[in-house]
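Participant: Listed below, chain by chain, are the residues.
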Amino acid sequence: MGHGVHVTELFGIGKKYEIESSGEHRLAVIVHKDGTRELYAFEPGRESGPLVVRLDEEEAKRVAAVLSGTFFSD
Amino acid sequence: MPAELVALGASGVVAGLLARFGRRVALPTIPAFMLAGILLGPSVTGVIDDPHELELVAAIGLIVLLFHLGVEFPLEQVLASGRRVVGAAFAYIGLNVGGGLALGFAFGWGVEEAFVIAGAIGISSSAIVTKLLGELRRLTNAETPVVLGIIVVEDLFLAIYLALLAPVLGGADSLGEAAQQFGIAMAFIVGLFLLARYGAGLVGRVIDTNEEELLTVLAVGLAILVAGFAEELEVSDAIGALMIGLVISRTSAGERVEQLILPVRDAFAAIFFVVFGASIVLGDLGSVLPYVLAAIAVTLATNTLGGVLMARIHGLNQRAAINAASVLLSRGEFSLILATLAIAAGLDGRIGPFVALYVLLLALVGPILAARSGGLSILLPRRILGGFRFVERVPIVASCPHLESIEPAAPTSDVCEQCVALGDGWIHLRYCLTCGATGCCDDSKNRHATKHVHETGHPTIASLDPGQNWRYCYEDEVLVPDPDPREVRREAG
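Which chain is which? The protein sequence lines are S and W, in order. Note that my numbering has the first sequence beginning at 61, numbered continuously upward. Note that my numbering has the second sequence beginning at 1109, numbered continuously upward.
Isolated chain W (complex conformation):
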């Protein structure tokens, strides 16, 4: 017993101190905790003699981590945020997980292992991304709401992916058994989803109380209980914790639980990351290095592509695309969770060190790239986001006084009359928001739109191309995307 206490305590202290030093080299906390685990583990100092001793505490860490995720999950807002955000999220997730799956199969460690690798490579760390956005002062950027939407959708995707992997992680031997386990997992998720939708009031009456002490006890107990039940049903405890968190978020106690759970989460989640690190044999890291480097290369490629797709869908420029792609690079808690479940299921032993080294290296590279993303945006050719030639360096803002003071005119024509008269062609069309005059863009030969601005002094134009809903102000030299119809309603009220 004393040995376990010392190991547990040392985990917390060393993890915390290492993370403090890590901040100086811009290392996020999660990989710092993992590093502490490696140092304390049997292959280095041996303070944690046998990581399995701390299994229960680490499991609580995993449970509370996902429970908190479920509790703070903004379900309604995501559904209300519209198809574009969800579309961008699906594109991003599809690319990254798809790329990871292809890589996983290429490794040849096994089919089940490939699916675990796909998830571990494909899902960003919500914790690190959120912190990075704040540290880089990017919270007001145009692409930030989309980035946040993506990581929220990723959380939901994780739940579904874990259900998908239930047969893999539960050790199904036949197709029939696999289908059965998948069915049970889906039934469990759907059941809790329905409870969240219709039974929230009932659950609230059971656990809600004014006394914070009791609410904490009840919430933590419930989370671990449901996670345990999930384990009994051969559905991962991770799914149980996430789903019951979702249920709690819909009750009257939701917001308070979200706050109360935070210190519990921080304390136990750190132990989870440390124990993961402790279970890594240092010598194995060298042998997985080539795989890790391949994975990082794939991640860089799929992330960049995802960023470009996201920018296309939302009408943002190259800068926004690279900003988003680089900030979403970081991997962390979800990858480690998947790896932990894989190890427990007895899959290829290389997954542990592979994910550990992958997360560690990306945690160093990611923030550095994100900080330099402004410079990196030069690398994206204009073609990919065609029609945005002058938008490369132009700031995107929510409004400009010139736009607000006029009643936007409708375009008077769907061709550039002046070009037609000259017998010329054009590339894109713009129309003046003050009088509606339609002219060709600056990529075209004659640039009639800009000429109109100089001749009349009307400062604002909008794009006439289908799917492009931005406006540009020549006075302020800013790009103003079309406001969300919902926002307009909110402002009016």
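Just chain S, with the same shape it has in the complex:
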């Protein structure tokens, strides 16, 4: 199941997940120890100055539900 995702431990902070994508943006997610998630999106070819989206655990689950197609609205 882990294909396309590289996991690195960041001591004292949490885990870094680098996600392979065929699109032009480089993606990574940092899961902090306190449950906060940060989504990093890099412009093609650029190493710095990423767009960073900060989500708490609840928000992350909501985004995940939408992305995975399991979100239901009434």
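Any given hint might turn out to be false.
Over 12 Å on every C-beta distance to chain S, these chain W residues come out as not near it, computed from the model [unchecked claim]: (1) V1121; (2) P1150; (3) E1163; (4) A1188; (5) V1193; (6) F1213; (7) E1320; (8) E1366; (9) V1389; (10) A1402; (11) R1427.
Covered stretches of chain W, going by a simulated chain S footprint (3 or more residues, C-beta under 8 Å) [stated by the list, open to error]: (12) 1230–1242; (13) 1252–1260.
Please keep in mind that the hints were generated in silico from the structure rather than gathered at the bench. Model, not experiment: these values are computed from the prediction. Virtual Cβ for every residue (Gly too), placed ideally from N, Cα, C.
Keeping the supplied structure of chain S fixed, place chain W upon it in accordance with the hints.
Facilitator: For chain W alone, kept in the frame of chain S given last:
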């Protein structure tokens, strides 16, 4: 009593407010707290009339600070992270502490003082470095896991260094007494280490409970108790707190204690930093300025060298080296802890203001340099990281689709056949990951590796030089370091 309460309360409020304003000029919290202490101290406003009144509270701050460090210490992960990270960490620490020691002796304040200065100059502030990495959005950088590994190893080094300094800080008068105190300190550390390794279950049964209120009371009490015992044994309370934290981290209650202790730590540690500041006489700061400037110069030099070494060991480029070096510049809690212990041991009075001013100035300079490190990487000549000519500005990524879609070929030869046929030499060798064809690098005269890429359209190459395990993709123009064998296993599962 009322005076102490007011002093204590003012410490918290002023420290907090000053730190809030400090954020606007990118000043980290620790030096802001220290500044608050200087302002509240007897040499400025005198709200804290006598810093010794708040000694107990400050001591608790030191204890809980180190206790938390021990509790969150990722011991197994560090040991599992491999020799390269530990190697880079030792290189970094060796350079910085070594440089500090040399400087300490050069100051001529005394042998014991030199050792304290070595530690105060040599060890980065884990708190500030971690915060900086997050603020600078560098958590996904290639060098960040190594930087974090370095600060974790530094924590461990601190424990050992404190043991080493036990005779210095305990006031040994003879070599025999010094050896004895060092022996007791090491025995204490080893004893608690063994407790962590084999007795964690027992300790867990004693303190673990579902009720958070009780767990907090037990954990804080235990930390202060063990620290107190350590003091009684003439081993620094700092070591006691750190080691018992390590013990707790191996118990079932470890993770919960780590969370519960945080607010306690933040509240009391702030008082520790404030009281340190309050014990500084403002007038002394001017007289230590030349020493501080020398120390900063040494720190800049040893840090940069350490960053380069780290990059060499891990196969990273100049950008990563400067990023790491500049972010690791910051000094803070450990330097202040060492200074506090030194003052308590009655060493040269200049150590206090020296460390205070040093930490303060570096706290201003460090974050600024770290933010500008991209531009600064131009200053590093290519020679130092030889063979990385085109890597200077190239992003390093974890993977690229072209690499993932092929079965990497083995190199067909260990020479550049085309160069040999022409009678030419080469500098470095590369081999194509699609078909294995070996060619010379872009620094060489003929650049056969790149020619092969253009002729065949095979996009990826790897370095054939021993110790260099990176791959390069011409399509994406990215550098991909060889993955950790452990990561590959994790991905497969």
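Participant: Hints first: check each against the structure and report whether it holds.
Facilitator: Checked hints:
1. V1121: holds, 26 Å
2. P1150: P1150/W clear of chain S: closest Cβ-Cβ about 37 Å, beyond 12 Å.
3. E1163: holds, 30 Å
4. A1188: violated, 9 Å
5. V1193: violated, 9 Å
6. F1213: holds, 33 Å
7. E1320: The claim stands: E1320/W keeps its Cβ more than 12 Å from every Cβ of chain S (closest is about 16 Å).
8. E1366: violated, 8 Å
9. V1389: Correct as stated: the minimum Cβ-Cβ distance to chain S is 35 Å, above 12 Å.
10. A1402: Given that every Cβ of chain S is farther than 12 Å from that of A1402/W, nearest at about 31 Å, it holds.
11. R1427: violated, 7 Å
12. 1230–1242: holds (count 4)
13. 1252–1260: holds (count 6)
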